[in-house]
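> What follows is the residue order along each chain.
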Amino acid sequence: MKFAVINFPGSNCDMDLYYAVRDGIEQQVELVDYRAQSLEGFDGVLIPGGFSYGDYLRSGAIAVHAPIVKEIIRFANEGKIVLGICNGFQILTELGLLPGALIQNGQSRFICETVALRVVNNETAFTNGYSKNEIINIPIAHGEGRYYCDDKTLSELEANNQIVFKYLENVNGSVEHIAGVTNKQKNVLGMMPHPERAIEKILGSDDGLKLFQSIINYQVKVNN
Amino acid sequence: MKLVKVYVTLKDSVLDAQGEAIKSAIHSMGYNKVENVGMGKYFELRFADDYSDFEKDVDAICDDLLANPNIETYRYEIMEAE
Amino acid sequence: MKLVKVYVTLKDSVLDAQGEAIKSAIHSMGYNKVENVGMGKYFELRFADDYSDFEKDVDAICDDLLANPNIETYRYEIMEAE
Amino acid sequence: MTEPTAKQIKDEKLYQQWGLTDSEYELISTKILKRLPNYTETGLYSVMWSEHCSYKNSKKVLRKMPNKSERVIAGPGEDAGILDIGDNQAVVFKAESHNHPSAVEPYQGAATGVGGIIRDIFSMGAQPIALLNSLKFGPLKDGQTKHLVNEVVAGIGGYGNCIGLPTVGGEIAFEDCYEHNPLVNAMCVGLLNNTDFKHGTASGDKNLIVYVGAKTGRDGIHGATFASDEFTDKKNKQRSAVQVGNPFIEKLLMDACVEIIEKHPEWILGIQDMGAAGLVSSTAEMASKAGSGLILNLDKVPQRETEMNAYEMMLSESQERMVLCVKPEFVDNVLEFFKHFELDAVVIGQVTTDKQYKIYHQYQLVTDIPVDSLTEDVPEYDREEIQPQRMIEDKDYQFVPDIDSLEETWNEMLQRPNIASKKHFYQTYDSQVKANTLVRPGSDSGVVRIRGTKKAIAMTNDSNSKYVYLNPFVGGQIAVMEAARNIVASGGEPIGVTDCLNYGNPENPEAFWELDKSVEGIASACEKINTPVISGNVSLYNEYNDVAIYPSPMVGMVGLISDIDNVTTNDFKESEDLIYLVGQTQDDFNGSELQMAQFGKLKGNLRNLDLDQEKLHQDLIRQAISQKLIKSCHDLSEGGLAVALSESTFENELGFEIKTGLSSAQMFSETQSRFLVTIAPENKSAFEKLMTTDIEYLGKVIATPEFKVTTANESVEMSGSVAAKNWKEAITCLMK
Ligand SMILES: Nc1ncnc2c1ncn2[C@@H]1O[C@H](COP(=O)(O)OP(=O)(O)O)[C@@H](O)[C@H]1O
Ligand SMILES: [Mg+2]
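Chains as they are written, first to last, in the UniProt record's numbering: chain A, 1 to 224; chain B, 1 to 82; chain C, 1 to 82; chain D, 1 to 736.
Watch out, some of these pointers could steer you wrong.
Each computed DSS-like pair below joins lysine-lysine, with the alpha-carbon atoms no more than 25 Å apart [said to hold, decoys possible]:
| hint | chain 1 | residue 1 | chain 2 | residue 2 |
| --- | --- | --- | --- | --- |
| 1 | D | Lys736 | D | Lys68 |
| 2 | D | Lys601 | D | Lys659 |
| 3 | B | Lys33 | C | Lys11 |
| 4 | B | Lys33 | D | Lys728 |
| 5 | C | Lys33 | B | Lys56 |
| 6 | D | Lys689 | D | Lys573 |
| 7 | C | Lys23 | D | Lys300 |
| 8 | A | Lys201 | D | Lys631 |
| 9 | D | Lys659 | D | Lys423 |
| 10 | C | Lys2 | B | Lys56 |
| 11 | D | Lys725 | D | Lys573 |
| 12 | A | Lys186 | A | Lys152 |
| 13 | C | Lys2 | A | Lys70 |
| 14 | C | Lys33 | B | Lys11 |
| 15 | D | Lys34 | B | Lys23 |
| 16 | C | Lys33 | B | Lys23 |
| 17 | A | Lys221 | A | Lys2 |
| 18 | B | Lys33 | C | Lys23 |
| 19 | A | Lys201 | D | Lys423 |
| 20 | D | Lys289 | C | Lys23 |
| 21 | B | Lys2 | C | Lys5 |
| 22 | D | Lys423 | D | Lys68 |
| 23 | B | Lys5 | C | Lys41 |
| 24 | A | Lys132 | A | Lys186 |
| 25 | C | Lys56 | B | Lys11 |
| 26 | D | Lys689 | D | Lys659 |
| 27 | B | Lys5 | C | Lys11 |
| 28 | B | Lys41 | C | Lys23 |
| 29 | D | Lys355 | D | Lys289 |
| 30 | D | Lys146 | D | Lys700 |
| 31 | A | Lys221 | A | Lys184 |
| 32 | C | Lys2 | B | Lys2 |
| 33 | C | Lys11 | B | Lys11 |
| 34 | D | Lys423 | C | Lys23 |
| 35 | C | Lys23 | B | Lys56 |
| 36 | D | Lys289 | D | Lys34 |
| 37 | D | Lys631 | D | Lys573 |
| 38 | B | Lys23 | C | Lys23 |
In case anyone wonders, no lab produced these hints; they're calculated from the structure. All of these numbers come straight from a predicted model, not from anything done at the bench.
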């Protein structure tokens with residue numbers, strides 16, 4: 001598989017994702033500049049964490065107007081794999097590719113910690129390598145990671161099994177402990193925790209590796 | 001020059017964590033008569049003089065950039081800048 | 001109930017990194033007639049009904065908490081809340 | 001505003017307001033220029049000759065520090081020092097203080113402190129890999145101090161998190177003397193892949209000076225002189241000196257500079273950041289180092305504000321700006337390169353051969369002075385020094401603690417802000433971005449691996465200023481050795497040091513004695529363990545209404561871990577592991593946290609530190625770690641053995657059962673040169689054989705969170721969970 005890691009001005013987990021793909025699952029990966037016009041030839045798009053455009057205004061809000069975004073939308077609408085992590089998740093919600101919004105943590109502070117997540121839905125392109133309700137340890141590092149959506153959206157998310165990860169302990173005050181959601185079609189995932197920081201035991205956890213492996217499993221199935 | 005003042009606030013249904021934090025800070029300073037605090041954003045946009053067609057621009061800028069309709073509402077005022 | 005609306009903005013001499021970033025975003029969206037963007041904070045304080053002495057409170061709250069006198073200025077309006 | 005004339009400046013002694021003394025002004029006008037300096041020129045001298053830029057009071061003392069080893073590629077004098085770590089790689093590091101800006105405007109002061117130290121690293125062509133910080137505040141008792149702490153911590157996190165560098169270590173201490181004069185020291189470590197680095201020089205006739213980055217505003221004018229001023233409570237007029245940071249722009253600037261030096265080194269001759277005293281300091285230093293002259297045209301400088309005069313532009317400390325010296329044939333490539341990063345880059349001047357520093361503004365020559373007079377001709381002062389009276393009076397005093405209940409004292413000590421967990425603060429720093437952090441804050445050192453190799457870098461900030469206050473020389477030695485023990489305990493070999501020397505007014509003989517003697521202490525310790533001081537920073541005049549802070553040298557140490565298998569942390573790993581104390585314990589209570597807890601203030605002298613013994617212990621621990629004998633290792637510092645034991649249990653919720661010959665009081669003694677280690681039972685004899693020094697077998701790690709302790713006086717069993725709660729929650733409670 002060939003992945004694109006989108007590099008917005010201010011993205012700062014782009015290389016972390018790049019290495020996760022190159023070394024963690026040994027697939028092809030390229031950094032793609034925010035000014036690029038095309039995602040032709042890629043099988044998956046990864047939107048990294050960081051502070052795109054300084055996260056000034058609202059996190060992710062300005063990135064939405066970068067040239068590459070049209071292509072990301074096309075890519076997502078064609079049912080291809082799009083994964084947004086942290087700032088990437090914020091961008092995907094700002095874009096409307098994912099429901100809800102991410103707002104300032106309940107405790108009004110940035111928080112960096114490794115937290116336990118529950119895999120709520122293990123039947124997605126991103127989680128088929130986990131077992132249902134598996135507890136995994138993944139780092140978080142965000143100031144604006146509190147997932148918010150209105151009640152109607154929440155019942156839709158639940159009805160469609162779009163909630164993929166939940167925090168065991170609600171670290172930031174998210175609605176229903178939500179840490180990651182997909183779109184209806186389940187080809188777009190956004191999550192605040194950083195699986196790319198958890199792909200080697202020496203970094204504290206390798207529980208994130210299965211997420212990337214799941215994408216490969218899924219693609220193999222689709223291709224056959 | 002035209003000056004547009006834009007106010008963006010959180011929808012009532014969204015918990016305003018910052019507003020809450022500020023309220024408790026105000027109380028701890030001893031001002032107990034403050035019953036509620038909301039925090040929002042305030043923008044000042046200045047438009048070139050020769051441009052008259054800006055109202056629809058302002059709407060678009062607010063809708064597409066300054067406010068996130070999932071969580072926020074906005075209003076604005078237009079005035080002549082000194 | 002009294003409603004106090006407080007506007008906090010950066011002093012003119014202080015770099016407005018956010019305003020600059022927003023301005024370039026607005027330009028990249030095609031609205032080139034926007035010549036300047038400033039970003040500030042907006043607060044709504046609600047005071048208990050039975051309290052009349054709040055003007056000096058508001059000054060103190062702004063000076064000590066809502067605005068940072070090193071880099072910001074503020075102004076406010078007082079009105080009757082619905 | 002009309003500028004005062006040269007004559008007015010002289011007659012009305014206006015130069016004094018800018019910090020120049022009569023004799024300095026005299027020297028400039030009669031010897032150097034042989035005419036009266038004009039307004040702009042006087043301004044340039046006043047900042048360049050400030051302590052902050054010139055080190056005129058401290059140079060003589062700083063020369064005492066060792067700065068050579070087989071690893072040193074560049075030492076003091078550059079933006080940052082460089083140490084060879086093999087395989088054509090080098091580490092680059094430096095620390096910087098931002099005390100005064102943070103006292104005035106805590107968030108932005110701390111944020112721009114971080115931004116500034118990062119620029120020092122990437123201007124050397126190095127990729128920054130980690131940040132640390134050392135913070136000192138007054139006690140957490142009033143709202144004002146808590147606000148200050150919150151803002152400083154938020155500023156540090158705000159900048160580091162946004163730019164995407166992990167903050168992997170640091171320290172926070174609370175003492176009365178810092179209440180009005182907090183210390184904010186930041187350190188950055190970078191990795192240089194091409195040891196053929198760019199010097200910060202501007203050489204070669206007709207080469208061009210290029211300005212890159214944020215626009216210039218009136219930020220921080222006279223920040224450098226202001227950093228060298230004492231504080232009084234009349235601080236309102238200083239408020240115009242506030243600089244604000246933009247980490248987003250700095251990220252672009254960092255990526256661009258690292259890339260241009262890596263990919264196109266032939267385009268540029270020199271690169272330097274604009275730090276204190278902005279444009280003048282960076283360009284004058286570059287030209288002076290190269291033996292060149294310089295012409296600048298200020299009309300080309302990107303400006304954020306209108307109607308700035310030459311003085312303001314030259315002295316502005318607007319953040320996120322760099323200057324480059326570029327070969328004319330490549331200038332278009334360079335401008336185009338930065339444009340791709342969406343950064344302003346313009347040619348603002350040119351190198352000349354006449355060694356003059358010439359500035360044009362609005363087509364007028366506003367400055368024409370010898371370059372070297374700004375950087376080289378600064379008078380060096382030899383200050384009077386005298387041993388502080390307290391040291392003479394209290395020479396023989398010994399604090400004798402009084403322990404009624406070991407359990408109570410133990411829990412009380414764990415809750416002291418200087419000892420309790422600082423997680424409340426450091427968890428707001430992203431410590432893992434870049435996915436290289438092997439040891440996050442909370443152990444002895446932060447450890448970051450070097451991707452693609454087996455190597456890792458360990459780093460720590462240490463400064464127990466209480467010891468330095470009681471005995472500057474020994475305290476200085478301890479600061480170095482404590483840092484070294486932290487590196488060693490993490491599995492590293494100490495290889496170099498950076499420092500921030502935070503002191504009071506050097507014109508006060510006692511304060512100067514403290515500076516001089518503690519630097520001698522630092523120097524002797526660094527020599528002993530072969531850790532040259534390759535960069536650093538001096539911050540004097542840390543006083544408030546004439547009361548000085550404790551002499552507070554901050555030691556930032558970097559260690560090399562040649563094999564990441566050797567990375568060791570301080571937490572106990574498994575029950576049944578054997579616990580040993582390495583090193584002898586004595587009655588070292590002067591300067592201890594126990595003295596502060598029970599006596600409420602510092603008093604007495606420190607015992608001399610046996611450097612041979614210290615080095616032996618460090619070497620033995622390193623050997624034991626490389627022979628894979630050690631499962632956990634913790635250095636003993638504040639609160640002594642009791643605190644070290646407790647801290648080791650918290651992460652994995654274990655406990656211990658120990659029996660010691662020490663008295664209950666000695667459980668809190670702060671004798672130096674000690675480590676607490678655990679080893680697997682099967683390694684008992686190998687470990688004991690290796691340790692050719694005093695070691696004491698204490699007991700075993702147990703699976704439940706209980707502390708079972710038998711001292712020479714008593715036996716207690718206390719709850720580890722209660723201890724953990726006390727230690728973990730103390731700061732959060734105080735911050736409410
Ligand atoms: N300001 C800070 N920033 C980051 N980490 C910190 C800070 N203060 C303390 N820490 C971390 O907390 C741990 C304990 O600090 P400290 O008690 O100073 O250790 P030691 O006594 O071993 O030097 C260390 O890992 C340190 O890096
Ligand atoms: Mg330690």
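> Could you run down the list of hints and mark each one as holding or not?
Checked hints:
no.: 1; hint: D:Lys736 with D:Lys68; result: 48 Å, violated
no.: 2; hint: D:Lys601 with D:Lys659; result: 31 Å, violated
no.: 3; hint: B:Lys33 with C:Lys11; result: 30 Å, violated
no.: 4; hint: B:Lys33 with D:Lys728; result: 35 Å, violated
no.: 5; hint: C:Lys33 with B:Lys56; result: 12 Å, holds
no.: 6; hint: D:Lys689 with D:Lys573; result: 22 Å, holds
no.: 7; hint: C:Lys23 with D:Lys300; result: 23 Å, holds
no.: 8; hint: A:Lys201 with D:Lys631; result: 17 Å, holds
no.: 9; hint: D:Lys659 with D:Lys423; result: 31 Å, violated
no.: 10; hint: C:Lys2 with B:Lys56; result: 33 Å, violated
no.: 11; hint: D:Lys725 with D:Lys573; result: 20 Å, holds
no.: 12; hint: A:Lys186 with A:Lys152; result: 19 Å, holds
no.: 13; hint: C:Lys2 with A:Lys70; result: 47 Å, violated
no.: 14; hint: C:Lys33 with B:Lys11; result: 30 Å, violated
no.: 15; hint: D:Lys34 with B:Lys23; result: 63 Å, violated
no.: 16; hint: C:Lys33 with B:Lys23; result: 39 Å, violated
no.: 17; hint: A:Lys221 with A:Lys2; result: 16 Å, holds
no.: 18; hint: B:Lys33 with C:Lys23; result: 39 Å, violated
no.: 19; hint: A:Lys201 with D:Lys423; result: 23 Å, holds
no.: 20; hint: D:Lys289 with C:Lys23; result: 41 Å, violated
no.: 21; hint: B:Lys2 with C:Lys5; result: 23 Å, holds
no.: 22; hint: D:Lys423 with D:Lys68; result: 36 Å, violated
no.: 23; hint: B:Lys5 with C:Lys41; result: 12 Å, holds
no.: 24; hint: A:Lys132 with A:Lys186; result: 16 Å, holds
no.: 25; hint: C:Lys56 with B:Lys11; result: 29 Å, violated
no.: 26; hint: D:Lys689 with D:Lys659; result: 21 Å, holds
no.: 27; hint: B:Lys5 with C:Lys11; result: 17 Å, holds
no.: 28; hint: B:Lys41 with C:Lys23; result: 15 Å, holds
no.: 29; hint: D:Lys355 with D:Lys289; result: 11 Å, holds
no.: 30; hint: D:Lys146 with D:Lys700; result: 40 Å, violated
no.: 31; hint: A:Lys221 with A:Lys184; result: 20 Å, holds
no.: 32; hint: C:Lys2 with B:Lys2; result: 31 Å, violated
no.: 33; hint: C:Lys11 with B:Lys11; result: 29 Å, violated
no.: 34; hint: D:Lys423 with C:Lys23; result: 38 Å, violated
no.: 35; hint: C:Lys23 with B:Lys56; result: 17 Å, holds
no.: 36; hint: D:Lys289 with D:Lys34; result: 24 Å, holds
no.: 37; hint: D:Lys631 with D:Lys573; result: 7 Å, holds
no.: 38; hint: B:Lys23 with C:Lys23; result: 32 Å, violated
Violated hints, in rising order: 1, 2, 3, 4, 9, 10, 13, 14, 15, 16, 18, 20, 22, 25, 30, 32, 33, 34 and 38; the structure is consistent with all others.
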